[in-house]
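**Student:** Respectively, the protein sequence lines represent chains A and B.
For the first sequence, our numbering assigns the number 1 to the initial residue and increments by one for each residue that follows.
For the second sequence, our numbering assigns the number 1001 to the initial residue and increments by one for each residue that follows.
Please keep in mind that the hints were generated in silico from the structure rather than gathered at the bench.
As the structure is a prediction and not an experimental result, all values here were calculated from the model.
A portion of the hints provided could be inaccurate.
Restricting the straight-line Cα-Cα distance to at most 16 Å, the calculated cross-link-like pairs of lysine to aspartate or glutamate (EDC-like) are [to be verified]:
(1) K144(A) / E1138(B)
(2) K1281(B) / E1332(B)
(3) K1171(B) / D168(A)
(4) K144(A) / E1145(B)
(5) K1122(B) / E1178(B)
(6) K1064(B) / D57(A)
(7) K1270(B) / E1188(B)
(8) K129(A) / E141(A)
(9) K117(A) / E178(A)
(10) K1049(B) / E51(A)
(11) K72(A) / E1034(B)
(12) K144(A) / D1148(B)
(13) K1080(B) / E67(A)
(14) K144(A) / E1178(B)
(15) K70(A) / E1034(B)
(16) K144(A) / E186(A)
(17) K1326(B) / D1139(B)
(18) K144(A) / D1220(B)
(19) K1072(B) / D1088(B)
(20) K107(A) / E67(A)
(21) K129(A) / E67(A)
(22) K1049(B) / D57(A)
(23) K1127(B) / E178(A)
(24) K1072(B) / E67(A)
(25) K144(A) / E122(A)
(26) K1122(B) / D1173(B)
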Amino acid sequence: MKNKVLFGLATLAIVAMLSSCGKVPQAEIDATNAAIAAAQAAEANVYLPAEFTALQDSMNAITAAVEVQKGKLFKKFGTVKEQLATTLAQANQVAANVAAKKEEVKKEADTILNGIKSVVAENAKLVVKLPRGKEGAAVIEAIKADMATVDGSVAEAQGMFDKGAFMDALNKAKAAQEKATAINTEIKEVLTKARIRF
Amino acid sequence: MGKYRKHILFISLLTLLITFAGVLIFYPVPTPPESAVRYARMALSSARKNNADLYAENLYYDAKIYYDSAMKAWQRENMKFIYRRNFDSVLKYADLTMKKAYLSIQASQSNISDLRINLSQKLSALKEIVHEISRRFEDYPLDAEIRDRISKGGFLLEEGAIAYRIGDYLKADSKIRESEHLLASSYEYAHTHLRNYFRLYPQWKIWIDSTITVSDSTNDYSIIIDKYSRKLIVYNDGKKFREYSAELSQNWVGDKRVRGDKATPEGMYKITRKFRSDSTKYYKALLLNYPNEEDSANFERAKARGALPQSAKIGGMIEIHGHGGKGIDWTEGCIALTNNDMDNLFNIVKVGTPVTIVGSMQSLRQILRN
Chain A
1 MKNKVLFGLA
11 TLAIVAMLSS
21 CGKVPQAEID
31 ATNAAIAAAQ
41 AAEANVYLPA
51 EFTALQDSMN
61 AITAAVEVQK
71 GKLFKKFGTV
81 KEQLATTLAQ
91 ANQVAANVAA
101 KKEEVKKEAD
111 TILNGIKSVV
121 AENAKLVVKL
131 PRGKEGAAVI
141 EAIKADMATV
151 DGSVAEAQGM
161 FDKGAFMDAL
171 NKAKAAQEKA
181 TAINTEIKEV
191 LTKARIRF
Chain B
1001 MGKYRKHILF
1011 ISLLTLLITF
1021 AGVLIFYPVP
1031 TPPESAVRYA
1041 RMALSSARKN
1051 NADLYAENLY
1061 YDAKIYYDSA
1071 MKAWQRENMK
1081 FIYRRNFDSV
1091 LKYADLTMKK
1101 AYLSIQASQS
1111 NISDLRINLS
1121 QKLSALKEIV
1131 HEISRRFEDY
1141 PLDAEIRDRI
1151 SKGGFLLEEG
1161 AIAYRIGDYL
1171 KADSKIRESE
1181 HLLASSYEYA
1191 HTHLRNYFRL
1201 YPQWKIWIDS
1211 TITVSDSTND
1221 YSIIIDKYSR
1231 KLIVYNDGKK
1241 FREYSAELSQ
1251 NWVGDKRVRG
1261 DKATPEGMYK
1271 ITRKFRSDST
1281 KYYKALLLNY
1291 PNEEDSANFE
1301 RAKARGALPQ
1311 SAKIGGMIEI
1321 HGHGGKGIDW
1331 TEGCIALTNN
1341 DMDNLFNIVK
1351 VGTPVTIVGS
1361 MQSLRQILRN
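The following block holds chain B by itself, in its conformation from the complex (with noise of 0.2 Å):
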């Protein structure tokens, strides 16, 4: 009987034991998402690839947690016995990752594609400008920070330029937009300040107009100064008889206000003297009836309401003298010629002929047209 019931129990435990190797070896264990896995390593990949890391920061570092999340979920679920795994989760985080790093490839070409498009047109706006400012300015006596903005500007648009050339668009973005504020408002500035320059050229037209209908009813000479030119021009019967270069003060940009400020007026004057080479250290010279009665009167105006101190000078002793031809703007607030051209005017001209000075024979729009 013992032996029955061991062999009994024998039979149980073995039959047993192969059930539970039976259900062991045929019971559906979890398989993780490899495959998923893969691919969505392979879209991240690609998506770095892309550069969708720089230019679609977002999306990327998406696509990059969900891949983080599903390596962690893996590696939790590794962890628990082997039936009772369960990779949902790294499935689900595998697919998000896919679908993450793909939108984020597309992103990044898209960006990279528009910020090209930008980029290049803004280069090109922005050559244009540092051509106008060239063009327009070059010659103009702007600050020394205005100056130095505009060069500043220039050499990150240089420096943008390169790095758009390389394909390091975002740097090329970062530079151009620093280049951008620079010299647009640099542009903008000077602009400005040449506008209001000409803001007079009504007033500066009918000095323009009478000075000539001057030299036609009289059939002599008058002399018009045009500073934006820098042209001294002499008109004989009311038509223009000759031209000059002149070199004016260093800060000849609006009328003269006091003395020592370096500016040459504006207004309508006549010689009062003449001075040969014996009488003035610039060779010769046509002394002004600067200031004229509209000149003082401005400026006891200005003294009067506090824009000049109450120990203002006018200043005076403006002519047209010889020594020029140094090609930069160096007089104290005169007008210079160069020897010979002195000689030539000092010849025609007599004390009384009118010299007229003025901003600009041109308005502001002629001249941005020509």
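This is chain A alone, in the form it adopts within the complex (with noise of 0.2 Å):
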């Protein structure tokens, strides 16, 4: 009597193992999904983009492993299920990755933007003691029309900061930081040629 019960309870653990390893672990699924959807909300395929297309990858190998398994009559899950835990362990490494990386280039864009501010301030210093030299004034009005371009760049690359568009900001940033050094370095060659002090 005793072994029947046994042998009863023993098939129903069986029956209860192999019936849970044969379910698709959609919970899992979900968890993953929606932590490879926080990491795109966080821009990693901007920031981090061979990381998102590598987790985009592994998701993609998970589903069709989902549906190897759901095609057999003996379904196991337990290898999609450790899939899943490396891949959602991945998502939520390169959220965390993806916000080290805009710090870095948010402080990147601030730094240079600062730098340029100095730059536009001293070139607008500067642009007063041009010597008018023999080409005159359409040289100082070509300058001056670079300077209100860096300026405008200027303006548009913060306004860019502002709104946590921090990649397109350092982009911005670094091409108003190339035309006002050229600017500063002009007037300052013409300021030497002429022998001005500044």
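Dock chain to chain to rebuild the complex, using the hints, since each chain is given by itself in its own frame.
**Tutor:** Shown next as structure tokens:
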């Protein structure tokens, strides 16, 4: 009698185990998809495109693996669960890395923007000292037009920065920096040639 | 008998069960094209790594749609009874995914290569335009709007160059296109403006030759003022004697039309009066006979055809005077020299010395060649 009860319990345990292994791990799939969506919302596709693409690839592979198991008579989702756990961890890691990368880009953009502002201020001070050399006003007008363009671009970059579009702000700021520095060099060259102290 | 029947029934059922089990075990179960889907997925991933989603967008998205279709077809078949599944459509879509993905990779690589070459050429060409604009029009009084367009075009070019350097060719393309639009149109405008200015060169050439001939035949001094190069050249006995840097009016391009237009006139004039320091606020001055007869006739014709308002006045008091050397074109229509140069000039010229003012002593072709 005792043996019959034990046999019955063992059978029940095996059936329960088999049935639990055979269920699509929907909760884990949803959690992983949510983590990937969170990474995308954090702009992983912008700041860490390669890592984000790898996540998408992993998820596509998992979706295929799920279908493979779903097609079988005896379904085993153990490996799929492990893959999901790994991808979930990676997605969380990517989201964390994005935050760090974003902060890095933000810092760089901020440094460049502040740097340009000082160059722009210096240019404004120097331009009035220009000797109005033999080319005359037209040259100064051209420099002033360039300075106005830089001002506009800096304002645009600052606007992007304030909206959190740090990568766009960085690229715009880099171009503005190059232009502002070129103007600064041009003015200083003219002043040096004209032996005007600055 | 009853026992025998039961026995037969049991054996029959057992046979049926074994046959059914045999059929279940040995009947070929349709297998999903797992490896085909895996290769399709790898091809799609490879396409993305090759930036096909950016540079061969249509092909890549076709491939992606086929892959999604393969997965959906697979899911649909999995919902059917195991022996009723048919994975042909999954296989078909997986194959199509692979084909499109590889096509997209090829197209992407080719497009990137073409774009890179094209952008590199455009960058060089536009840099050349910027250089040309700077060389030819740096001291040319272009409108503020044109200066602004040139400046913005230059900045966009810079942004395009940065995007090109970091391999963001699509952004580079967009920036360079915008830059090209601004720079090319500004250059064209400026060049047309310059060409229009030089339209009168044949007339100027006649005046120049005539002035030098007068200097030669009278063995005396004549002055030619070249507005484009900002030079005042003194001829003696038909030969170049001295050359001074001159400053003009702010709106020096083109002939003077009306009082207050801040233009320096063009024509053949004479010195009519010499003002010493105590008679002019510009150190020393040589008054010209502007407007001459031709200027007056042109002015009246312009008024008659309505090109100028009836209340317009022709202006006058055009002088060569001192207080120059500011480096800018600042006069109201006069020609300014430094005080030293003015001293020199003042000593060698007299009332009646011819003064010819021309747009340029060189043709546009010569200037462009130089």
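**Student:** Taking the hints in turn, state whether each one holds.
**Tutor:** Results for each hint:
Distance check on the hinted pair: K144(A) and E1138(B) sit about 12 Å apart at the alpha-carbon level, within 16 Å; holds. Note on K1281(B) and E1332(B): the hinted pairing holds, with a Cα-Cα distance of about 14 Å set against a maximum of 16 Å. At roughly 11 Å between alpha-carbon atoms, K1171(B) and D168(A) fall within 16 Å of each other, so this suggested pair holds. Proposed proximity of K144(A) and E1145(B) is supported: the alpha carbons are some 12 Å apart, at most 16 Å.
As the CA atoms of K1122(B) and E1178(B) are separated by approximately 12 Å, the hinted pair is consistent with the 16 Å bound. A hinted pair counts as satisfied when its Cα atoms are at most 16 Å apart, and K1064(B) with D57(A) qualifies at roughly 12 Å. At most 16 Å may separate the alpha-carbon atoms for a hinted pair to count; K1270(B) and E1188(B) exceed this at roughly 37 Å. For the hint pairing K129(A) with E141(A), the CA-to-CA distance comes to about 14 Å; that is within 16 Å, so the pair holds.
A C-alpha spacing of about 13 Å is found between K117(A) and E178(A), which places the hinted pair at or below 16 Å, so the restraint holds. Between K1049(B) and E51(A) the alpha-carbon distance is near 11 Å, which keeps this suggested pair within the 16 Å criterion. Distance check on the hinted pair: K72(A) and E1034(B) sit about 12 Å apart at the alpha-carbon level, within 16 Å; holds. For the suggested pair K144(A) and D1148(B), the alpha carbons sit about 9 Å apart, so the restraint of at most 16 Å is met.
The suggested pairing of K1080(B) with E67(A) holds, with an alpha-carbon distance near 13 Å, which does not exceed 16 Å. Distance restraint check for K144(A) and E1178(B): the Cα-Cα separation of roughly 21 Å exceeds the 16 Å cut-off, and the hinted pair is therefore not satisfied. Distance hint between K70(A) and E1034(B) is fulfilled; the C-alpha atoms sit about 12 Å from each other, no more than 16 Å. Of the supplied pair hints, the one linking K144(A) and E186(A) holds, its CA atoms being roughly 12 Å apart against a limit of 16 Å.
A hinted pair counts as satisfied when its Cα atoms are at most 16 Å apart, and K1326(B) with D1139(B) qualifies at roughly 14 Å. Taking the CA atoms of K144(A) and D1220(B), the gap is about 45 Å. The hint is violated against a cut of 16 Å. As the CA atoms of K1072(B) and D1088(B) are separated by approximately 13 Å, the hinted pair is consistent with the 16 Å bound. Annotation: proposed proximity of K107(A) to E67(A) is violated, straight-line Cα distance about 45 Å (limit 16 Å).
A hinted pair counts as satisfied when its Cα atoms are at most 16 Å apart, and K129(A) with E67(A) does not qualify at roughly 75 Å. Between K1049(B) and D57(A) the alpha-carbon distance is near 11 Å, which keeps this suggested pair within the 16 Å criterion. The straight-line distance between the Cα atoms of K1127(B) and E178(A) is roughly 15 Å, inside the 16 Å bound, and the hint therefore holds. A threshold of 16 Å between alpha carbons decides the hint, and for K1072(B) with E67(A) the separation of about 10 Å falls inside it, so the pair holds.
Straight-line distance between C-alpha atoms of K144(A) and E122(A) comes to about 13 Å, which keeps the hinted pair within the 16 Å bound. A hinted pair counts as satisfied when its Cα atoms are at most 16 Å apart, and K1122(B) with D1173(B) qualifies at roughly 9 Å.
Of the numbered hints given earlier, the model fails hints 7, 14, 18, 20 and 21; all others are met.
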